[in-house]
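K.L.:
Keeping their order, the protein sequence lines are chains H and B.
In terms of the numbering used here, the first sequence opens at residue 73 and continues consecutively.
In terms of the numbering used here, the second sequence opens at residue 20 and continues consecutively.
Incorrect hints may appear among the rest.
Said to hold, decoys possible - Examples of chain H residues toward chain B, derived with CB under 10 Å: (1) 74; (2) 94; (3) 147; (4) 148; (5) 154; (6) 155; (7) 159; (8) 176; (9) 182; (10) 186; (11) 200; (12) 238; (13) 271.
If you're looking for bench data, these hints aren't it; they were derived computationally from the structure.
Cβ coordinates follow ideal geometry from the N, Cα and C atoms, glycine included.
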Amino acid sequence: MQPFRRFSAVAVPIDIPNCDTDQIIPARFLRRAKDDPAYARFLLHDLRFHADDTETSFIFNQIPYTNAQILVCDINWGCGSSREAAVNALMANHIRAVIAPTFGDIHYSNCIKNGLLPVRLSAANCNHIRIQLHESPGASITIDLDKQAVSGPDRKGYMFDIDPMDKIRLLHGLDDISMTLEHQAEIEAFERDYRKKNRWIF
Amino acid sequence: MWEPIRKVVNAPRSHSKTLFEKIFDRHVIVTRESGDALLFIDRQLIHDLHYRSFEELQAVGRTIRYPDQLFATPDHSVPTTAKKLTDIPQGEMRDTVAGLQEAAERIGFTHFDMTDPRHGIVHVVGPEQGITLPGLTLVCGDSHTSTHGALGCLSFGIGSTEVKHVLATQTLWQRKPRSMRITVDGTLGLGLSAKDIILTIIRHIGAAGGTGYAIEYAGSAIRQLSIEGRMTISNMTIEAGARFGIIAPDDKTLEYVYGRPYAPTDEKWEEAMAYWRLLPSDDTAVFDKEININAAAIEPTVTWGNSPQFCVGISDVIPDPASEADLATRANMESALTYMDLLPGTPVNKIDIDRVFIGSCTNSRIEDLRQAAEVFKGRSVVVPTLVVPGSGLVKSEAEREGLDRIFINAGAQWREPGCSMCVAINGDVLSPGQRCASTSNRNFQGRQGMGSRTHLVSPAMAAAAAVTGRFTDSRRLSS
């Protein structure tokens with residue numbers, strides 16, 4: 073997993089409250105392998121493409137936002153379905169961070185597991201940054217995970233909270249399984265005791 | 020047969036725990052300083068869309084730690100006209116269903132294939148088979164895994180990386196969520212159902228109201244519901260943003276679980292009971308948030324927007340965004356009305372529909388089908404209507420009761436079990452612009468096919484819409 077320390081990139085505002093994972097990637101693409109060469113197109117597909125596959129005027133299709141690697145979104149980003157394909161579609165477009173006031177719980181966790189940084193800022197701050205991004209197309213944002221700080225297009229700093237373990241995971245690009253296996257002895261001891269006390273489960 | 024489940028009264032406040040905490044704490048293997056806990060996972064359910072997990076784990080040299088605690092059935096990709104794998108046309112749908120079957124054969128975990136009468140939607144099959152039990156931790160790579168909370172099971176939806184983590188280690192890292200109790204008291208009106216309760220709850224707390232919380236449902240109206248009704252409530256918890264929607268086990272739960280194929284028997288049943296009896300939240304347990312809902316005020320409910328929080332009663336009109344003070348919400352309402360092609364002020368019972376879907380992990384169990392059949396009896400559908408049972412066993416029970424004849428005689432289509440037009444990737448889709456009365460759980464843009472317009476309703480309301488061609492108060496039609 074690619075570590076996330078400090079990252080600067082063009083950001084795109086996505087002004088859709090409750091943008092569910094069905095919008096991020098429609099269900100009909102869920103059977104595709106994540107290394108499918110068409111995967112990048114699946115992101116926000118039905119907002120970005122007409123039925124005849126031509127592009128809509130959706131902001132992510134507009135230069136210079138096409139270069140964006142950070143999304144700035146509205147409340148409840150990634151609610152709904154647990155599909156990790158939503159994260160795969162973001163990553164296929166080289167998106168490395170999403171900033172939003174609130175995230176769907178499962179989508180948030182899926183982001184973390186893939187090294188994509190979800191940043192929670194207040195609704196007022198997200199709104200403020202989105203307005204700046206509309207006013208200055210192609211403006212960059214810098215995110216410093218170690219300092220837990222976002223520097224907006226106006227160079228103003230915004231601090232954010234993140235779970236300490238999630239932070240370590242992202243800073244070092246750790247995958248969960250190897251981290252879990254550090255606790256192998258504890259797991260085995262737990263299992264022996266648990267199986268003895270809960271015969272009704274096994 | 021068993022002692023009734025009672026609350027532990029007068030537990031000292033400092034030691035008092037919620038139902039959720041009791042199950043959570045029992046499964047903690049180790050807790051890190053940060054508060055992250057490594058949980059033991061008792062059971063995992065798996066469906067066709069996760070078939071690649073097995074080869075991906077194999078590629079990195081990992082094995083399945085507890086194949087006996089893994090239960091699979093294909094549901095998302097099964098056409099409802101197919102009875103067996105070879106009935107599915109060649110292509111990605113068939114490859115997906117075949118991929119799960121091959122993994123099951125190679126690794127040796129339980130798999131209810133399309134020809135097995137126990138086959139169906141994973142969230143219908145789990146409880147039906149007694150795989151879902153009170154006090155367990157149960158996960159599945161599907162957000163509607165909250166369903167199993169209806170049995171007092173700590174169940175939650177996970178992503179595919181977590182699916183593989185559980186396959187390889189039978190554990191998962193979690194932080195204990197905040198706690199919320201939603202108490203629904205009062206008597207639900209005649210002809211209303213669990214669907215109307217949960218839609219009302221989501222309207223009340225909002226689509227993100229439960230984010231970061233584990234919800235426990237309590238109160239007389241919840242206790243009065245059958246286990247199947249409770250599953251409808253827990254199922255849609257994720258539509259309020261919470262991954263967990265748990266209900267304390269009571270005598271109804273025990274009665275439901277007892278004798279199911281994978282439920283414990285004899286001394287093991289007694290051992291389980293000794294644990295289950297202590298599960299209900301202590302009287303002195305403190306929740307981070309408390310919500311109260313009056314069941315008596317609930318009406319048959321219809322959603323009008325692209326988030327389940329946008330719903331109204333059948334006697335209401337489509338709300339006017341102009342009367343919404345919050346500008347962001349106003350804009351959200353306006354775009355939903357544009358997408359849904361609805362005008363503010365339109366009476367809900369004047370909205371014509373094009374299609375009806377009765378099914379999904381929310382509403383495809385036998386009681387749901389009975390409620391729909393009650394309305395269909397002696398009437399005919401005026402729009403194409405699809406009725407899809409949740410499992411092979413639900414299907415055969417419905418046929419034993421003659422419900423299939425009622426649906427078919429009314430002109431509805433009676434299909435094979437699966438997710439069908441809830442996720443709409445099995446060939447059952449709406450055409451662009453079509454308006455559907457659906458018993459499923461999501462009215463998102465494009466959910467039932469590109470450009471589809473979904474209105475979420477109860478089974479009785481869906482049936483009433485099918486026979487009248489518009490939203491109609493089902494209480495006026497029940498025989």
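K.L.:
Each hint should be assessed against the structure and marked as holding or not.
P.N.:
Evaluated hints:
no., hint, verdict
1, 74, "14 Å, violated"
2, 94, "4 Å, holds"
3, 147, "6 Å, holds"
4, 148, "4 Å, holds"
5, 154, "4 Å, holds"
6, 155, "8 Å, holds"
7, 159, "8 Å, holds"
8, 176, "7 Å, holds"
9, 182, "4 Å, holds"
10, 186, "7 Å, holds"
11, 200, "13 Å, violated"
12, 238, "8 Å, holds"
13, 271, "6 Å, holds"
Checked against the numbered hints given earlier, this structure breaks hints 1, 11; the rest are met.
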